[in-house]
Each structure stands twice: as structure tokens, then as C-alpha cells.
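**Q** From just these sequences and the hints, can you work out the full model?
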Amino acid sequence: MPRNFSRRDFLASSAALAALSTARAAQPAGGGLEVILEGAGERPIIVSVTASTPALTNLAQRAFDVHGRYKRVASGAQFDLRFTAAGANQVRVEARQSGALVLGETATGTSQNYALLRAADLAVKATSKLNGFFASKLSFVRLLAKPAQEDVHTSDLFFTETFSITADRAHAITPHWSPDGQRLIYTSYKKGFSDILVLNLATQRVEDFFANKQGTSVGACYSPDGRQVAMVLSGEGQQEIYVGDADGRAAPARRTRSDTVKSHPCWSPDGARLVFSMTPGPQLYLMSADGGTPQRLVTGFSYAAEPDWCRADPDKIAFTVGQGRGYQIAVASISGRFPAKVIAPKGLPAAYDMQEPTWLADGRHLVCTAKAADVRVLYLLDTETGKATRLSPASLGECSQPSVWGP
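Number 289 in the working numbering belongs to position 166 of the sequence shown; there are no gaps in the numbering.
Heads up, some of the hints might be wrong.
As the list claims (entries may be wrong) - What follows is a set of in silico ranges between Cβ atoms, one per label pair, in the way DEER data are often shown: (1) Pro167 with Ala325: 37 to 43 Å; (2) Phe286 with Lys194: 15 to 21 Å; (3) Gly394 with Pro167: 34 to 40 Å; (4) Phe316 with Asp370: 19 to 25 Å.
Read the hints as simulated data drawn from the structure, not as lab findings.
Remember, it's a predicted structure, so these values are computed and weren't measured experimentally.
Ideal Cβ positions, reconstructed from N, Cα and C, are used throughout, including at glycine.
**A** Quick look at the structure:
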């Protein structure tokens, strides 16, 4: 079995992932050399970044330092970016080019830090025309040792504010955001079974979505319009893909029927299709959200799992691939625009694997889990340069299973 596989991995993806990992260990790695994607040669945008307080300056500079499209300098910049606190939860951003004001706007957030990140996204849009991702929010699973459990947490992208969402004294896994950022859907074992629950973040009310006392219920994720939920259920025997209405009133409908193991369903940006992992291999398969015959997405790798469909570029899917006896992140083109490529991480300790990718709004960066022995850390991965930047602090211990929401 590959290194770093443990009971936590089993709980995170149920018996499906255990079966997939076992199959993975028995096969040689596929694919080509580790390379990075095109685009790394773009000329950087030169900026100076200052703010009205040391804390805001540090956060703003940290954000632009990880972006990949910007180079920060003290003087002689193309754009001078200035962030000014305008209240407890507001920050004003001004961008000047050769002294001329090209952006002057005030951003509001749930805190001053979050307002700063929203203002920084405005600066990105004004100076590069690119979608910003600094104001993304994360949900993730944090391992607690005493008692042994996994709780769902949320944070901003840079972990300036982190919140514990569940405290069930049981394992809570595979959280996913609703499209409006108001709810989280996840699997909980607090009743002894793998029940799918929905948490309203505004009211903190938890509602049952699907209870399954005869099998596994994992991987629930909302469709892009928030009206449906795809999930993996095994109550009828084999683990299959199901789709149900997001209100949970009607029983979910089965979409796959075969003797193979399925896991990790993910919606296409238009909500018309699903991508998921299926044995043997496992490999990636595409299927209409209404069901039908799954079509294999050829990647060239003998192990391909944990897919995430890019919302900014619907032709791209990120996924986990087997490399030797470890794992890395790859990106594939559905249309064949470019061959599937492994993103060689730069700045990641050699002992770490990369797994569980999830796209940010710019279609360039991913949040992933880096794993080594008993360590699980969330990283930002630039798919064009390979730069890997640690996100989750050591004080939080082991963090994994990231899900991203972007405004």
C-alpha cells in the first residue's frame, strides 16, 4: 500500500478510497516527466504595495508575493497600490499608474483583514484584468488528538481567522461549500454511521441531508447552481454515484450501475456533467449529470483520482496521480488542448506528497494537501510555475480535505 495511507484516509473517502489506494499500490506509475504548464514566461506586473498599518501591509504584501503574476518592489513600479483602513471592516484601495489614479474603491468584509483581501482582489482585476482569489474562503478538516476526531473548520485563504464549525466528538469529513457560501455539506459519524449533514453558517443550524445505516455516504457536493447534490452511496451494495435535490426532501437517484468502485464526484462548471474516479486504476470518468455511460478521460497515468473541475477554464481538470509510491497533482485538458501534466512543486519538502486539489477562482492556483508520514498541511500550488506555498500554520496541526469558496 502507498506510503501515508492510514485510517484517516479511509474515513476521508470511505471504503472507496481504500480500494482505490490498494489498486494503486499494485500498479506502476504512468504518465511522463514532471513538468509545469505553459504561461510561466509571462512578464510580471511590477507593483509597490503599502498599507496604513503594519498588519495590513504584511497581509497585502504576503498576498501579492504568492500570486505569481506580480513582482513587488519598493520603488519604480508600474502600479503603486495603497491600502487604507476605513473602519472596523472596511479597507480603501487606490492604484496609481505614473501618478494617475486608475482605481479608488472601498471594500467591505466580515473583518478588516477580509476587507483587505477583497480590496486586493479589486487591485488585481484593475491592474491585470485577471480574477482575484485572495478573498477565497476555505473549509477543511482538522485532526484533533484528544479525543481522536476530525472537525470541520473554515478560514480565509491566509489563515488570519479560523473558525471551528463542528464539535461532534466524532469524525466529520469531506466538507464542501454551497455556491452562495452560506452552507457546508459534509459527512459526520457522530451517530455511528456516515450521515450527510448540512450546516447553515449564518444560523449554525445543522440539518440531516441523508442518513444511511447500511452503507457509506460520502463526497457530497453541490451543483454550480446549488439546486442539486452529487454523492457516493453504498446502501444498495456497491458504491455508486447518486444525485439528489439540494433540499433533501426526495430520495437521491442512482446515476451509475456497475461492479466497480466510484468516488470523488465533481460537477462541471455548467452543471451538465460529472467527473469522478472509478476502478480499475482508478481512472477518471466523465458522465452526464442525468446518468448514462461513463466515458474515460485518458490521462496517461495508471492512477488518477480526486478530480476537481476548473470553473475559470472548463477545459481543465486537476487530479491526484500516482508517482512511484507517492502522489502528486496533475492537470488535464478535456479537449486535448495539452497533454496531462504533473505539476512539479517547488518549495515543498522532498518527503511530502501532494493530494486533494481544489481550484481557486483564477484558474491558475490550487489549494492542496501535502502529506508526509503523520503530517498533513494545506498548500497553495501555482500550476504555471510550480511554486508551493504553505497556508495552514503549524499551530493547527494536521489539516486536509480542502474545499474552496470564491466570491
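**Q** Now tell me if each hint is right for this structure.
**A** Evaluation of the provided hints:
1. Pro167 with Ala325: 37 to 43 Å: About 40 Å separates the Cβ atoms of Pro167 and Ala325, which means 37 to 43 Å holds.
2. Phe286 with Lys194: 15 to 21 Å: 34 Å, violated
3. Gly394 with Pro167: 34 to 40 Å: Holds, at about 36 Å.
4. Phe316 with Asp370: 19 to 25 Å: 22 Å, holds
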